Amino acid sequence: MYRYDAIDKEFLADRANEFREQVGRRLAGSITEDQFKPLRLMNGLYLQLHAYMLRVAVPYGSLDSRQMRRLAHIARTYDKGYGHFTTRQNIQFNWIKLGQAPDILDQLADVDLHAIQTSGNCIRNTTADPFAGATAEEIDDPRVWSELIRQWSTLHPEFSFLPRKFKIAVTAAAKDRTAARVHDIGLVLRRNRAGELGFEVIVGGGQGRTPYIGPTIREHLPVGRLLSYLEAVLRVYNRHGRRDNIYKARIKILVAALGRDEFARQVEEEWSKLDSALADAPDTELARIRGAFTPLNFEALPATSAAFDAARAADPAFARFARNNVKPHKKAGYAIVEISLKAHHATPGDASADQMDVVADLAQRYSLDDVRVTHEQNLVLPHVKLDDLPTVYAALQAAGLATPNIGLISDIIACPGLDYCALANARAIPIAQSIAQRFEDADRAELIGELKIKISGCINACGHHHVGNIGILGVDKKGEEFYQLSLGGSGQEDASLAQILGPGMSAEKVPDAIEALVDTYLSIRQGEERFLDTVRRAGMAPFKEAVYADAH
Amino acid sequence: MPTLIRLIEGRYEAAEDVFTDVADEDVTPDGPVILSLARFQAEGDALISAGRKVGVRIQSDEEVETLAYDLPRLALVALVFPKYRDGRAYTSARLLRQRLGFTGEVRAVGDVLREQAGFMVRCGFDSFAPADGSTPAEWAHAAGRFRHVYQRGADARAPVFEERA
Amino acid sequence: MKALTANRLIDGEVVFWKSGQWIERFADAQFFADDDAAGPEAVQAALAQSRVIVEPYLIDIVEAPGGWAPVSYRERLRALGPTNEPTHGKQAEGGAGVEAILAATGAARSTGRVDLIRRK
Chain Y
1 MYRYDAIDKE FLADRANEFR EQVGRRLAGS ITEDQFKPLR LMNGLYLQLH AYMLRVAVPY
61 GSLDSRQMRR LAHIARTYDK GYGHFTTRQN IQFNWIKLGQ APDILDQLAD VDLHAIQTSG
121 NCIRNTTADP FAGATAEEID DPRVWSELIR QWSTLHPEFS FLPRKFKIAV TAAAKDRTAA
181 RVHDIGLVLR RNRAGELGFE VIVGGGQGRT PYIGPTIREH LPVGRLLSYL EAVLRVYNRH
241 GRRDNIYKAR IKILVAALGR DEFARQVEEE WSKLDSALAD APDTELARIR GAFTPLNFEA
301 LPATSAAFDA ARAADPAFAR FARNNVKPHK KAGYAIVEIS LKAHHATPGD ASADQMDVVA
361 DLAQRYSLDD VRVTHEQNLV LPHVKLDDLP TVYAALQAAG LATPNIGLIS DIIACPGLDY
421 CALANARAIP IAQSIAQRFE DADRAELIGE LKIKISGCIN ACGHHHVGNI GILGVDKKGE
481 EFYQLSLGGS GQEDASLAQI LGPGMSAEKV PDAIEALVDT YLSIRQGEER FLDTVRRAGM
541 APFKEAVYAD AH
Chain C
1001 MPTLIRLIEG RYEAAEDVFT DVADEDVTPD GPVILSLARF QAEGDALISA GRKVGVRIQS
1061 DEEVETLAYD LPRLALVALV FPKYRDGRAY TSARLLRQRL GFTGEVRAVG DVLREQAGFM
1121 VRCGFDSFAP ADGSTPAEWA HAAGRFRHVY QRGADARAPV FEERA
Chain L
2001 MKALTANRLI DGEVVFWKSG QWIERFADAQ FFADDDAAGP EAVQAALAQS RVIVEPYLID
2061 IVEAPGGWAP VSYRERLRAL GPTNEPTHGK QAEGGAGVEA ILAATGAARS TGRVDLIRRK
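Chains as they are written, first to last, in my numbering: chain Y, 1 to 552; chain C, 1001 to 1165; chain L, 2001 to 2120.
Just so you know, these hints were derived from the structure itself, not from any lab.
There's no promise every hint is true.
With a cut-off of at most 27 Å between alpha-carbon atoms, the simulated DSSO-like pairs for lysine-lysine come out as follows [what the hints assert, rightly or not]: (1) Lys37/Y with Lys1083/C; (2) Lys165/Y with Lys1083/C; (3) Lys1083/C with Lys248/Y.
Simulated restraints, written as ranges between beta carbons of each label pair [claimed, not checked]: (4) Ala1050/C with Asn192/Y: 55 to 61 Å; (5) Val475/Y with Thr1003/C: 48 to 54 Å; (6) Ser272/Y with Ile1048/C: 28 to 34 Å; (7) Arg1099/C with Asp5/Y: 29 to 35 Å; (8) Thr1135/C with Arg2051/L: 18 to 24 Å; (9) Asp275/Y with Glu1009/C: 23 to 29 Å.
All values derive from a computational prediction rather than experimental measurement.
Ideal Cβ placement from N, Cα and C applies to all residues, glycine included.
Please put together the full structure from these sequences, using the hints given.
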């Protein structure tokens, strides 16, 4: 993985010092809250309902054990002993004090972590496939490109005061684990017919108030031209994105207003004026970054493991875990292990400091010191030997991290919602918990199969409800929390936006409604259809009827 | 009279503003003047032919390319930040320097605050009318906070990958 | 009736106005009659305390059997803490004031903060 050198470390130290000074000026009254707010946001510090929230960047979701242990330390020392992993592969701490934030940034910088540009109208954390470097199905390692973009976008002098936030995702596998098509820029690595590596460039996807699946504005961008092309896109956006209305300020609005072709034409025109020698990264730098992600020293192992097979045969619970949480690895004898942060009674995406320490230890001992955060609020140990799986499983189980529900009905994405967030209209966490508890039975969950439920507490859609197979949006209806269900969304390579099912309902009715949807699916599904497939085939009508059968 | 800070050969200095900022409804005074784009398009030629020092004030929604042919004769371009969060002037400054080759004074005016000094300098601004009472020393401190930069700007700073080479 | 609330600058803690001071428990807050000019005057005084608190605003409150409570669900959460973790936030203290808010029903959108969603 990318190791910070002396220069990268000095940069983080300078940034932490800058923030310390800025906080000092705010406390002394030399700058107003209005002037200070973008400065603290550009260091990921929000003022939420109960306290400040600090969003720490986890670049493309990648951490080592040292970093995970430091996050645990931050949770213990400065927060209430836990953290929340987010839908952009970052981590959030909910109970932070402004006065302590400079110390926290110093302690993060010590282990090459930071909160740079995790908020504000600038380029945010560039995400990547959490299985990068471990999956056989990737064309290239997307982390190389995410790291390149991370550096280029850090304190970019021209693009730090955009009309609105800007999110980029990079994926390189047939299966998209990044929701690239609903990002401001989605970059899909592909080879063209000549075998050359390039990006399909998708611009103008997004969720929030006005969701869009982003159109492809360029089918093949040679990888060596990535930065100049991004510069062209960002410049067109910076100049022409709307600044009169924050709800119409994302690039998706500009792309929709101009139309795909005209937007692409403007980008290509700007791009044609850029000198690649100045605007693109030199080959030496690309090679240096790529070198950081070169294949690790995997052992030469047989494809099957007697220990793994024996454990599966002996322990049905381990077998269930292996079925749902263990995915194939490109190297024989290895596996990708997904750690669910969705225990049925827990808060989705949360991990305690103790749990973070357990994960750090497991990463160090059994995963080549590598752990990832997914955009579905779970963690990944990307390089675990099949032989070690029983041991890893036992440790996870002891720490409450072995819920065998990855991709199943209780693997719910939920934003923090009105329990924490100043923007929310309704709570999301209790809804997730009520559904997870209703569907606690593991056999039933496996019978249902892949079902992605995503819950947002407000229209900003941090819970990604627009791309849920079942999306749930919390609204405030005359002071009462109401929930609007939608069906048929997908954030994967077959991206689609969920459609509203019908009128909203109160919290108590939601688990019954989910039950009705599930029962309908089970009764009409054909063959191997997932819930999403059945919705797409059969349409909304049978589901709508099942949920709204009794007038309410 | 707000302080003007100029960046001259790497140093930030307080400077007298020799220009008069001319509002559209005012009569053109003597001496160096800064006109709005519309006003410049109307009477700029005449003033320059008469040997006057002329600058143009570009609003955040005006395109700096409009001045392309006039730049060689202009002493100054003032780019307005109506609010510090309106980042269009960063693009305008960079285009003035790197695409249009302007070598005169590029001045930041409007909601110009010390905490954005670094970004402004890197985009090619070389003079600043701070709205927050910043002194040249405070401006220099803010602009110089980072020992390294990751990307090229319109300034001469080498990006990190050149430092490593 | 109304109360005045804000977040403390230094640590983000939810606080309430009581005769020019900022206190942490809703039950101890100063309450203003709806037409009492003292409410808006307190907001003005609070706005001048920008080194102490951030974003002061009036909230609607309602008298419930156990005591007073904010009218809006959001403000009840601010006065208590998150519902997914009862040991976090002010609710952990317990007591009559907390009980009163927990027992309050009939939430409605608070008229003191209608521009909530438009921030940021």
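Against the structure, the hints:
no. : hint                                 : in the structure
1   : Lys37/Y with Lys1083/C               : holds, 14 Å
2   : Lys165/Y with Lys1083/C              : holds, 17 Å
3   : Lys1083/C with Lys248/Y              : holds, 18 Å
4   : Ala1050/C with Asn192/Y: 55 to 61 Å  : holds, 59 Å
5   : Val475/Y with Thr1003/C: 48 to 54 Å  : holds, 51 Å
6   : Ser272/Y with Ile1048/C: 28 to 34 Å  : holds, 32 Å
7   : Arg1099/C with Asp5/Y: 29 to 35 Å    : holds, 33 Å
8   : Thr1135/C with Arg2051/L: 18 to 24 Å : holds, 22 Å
9   : Asp275/Y with Glu1009/C: 23 to 29 Å  : holds, 27 Å
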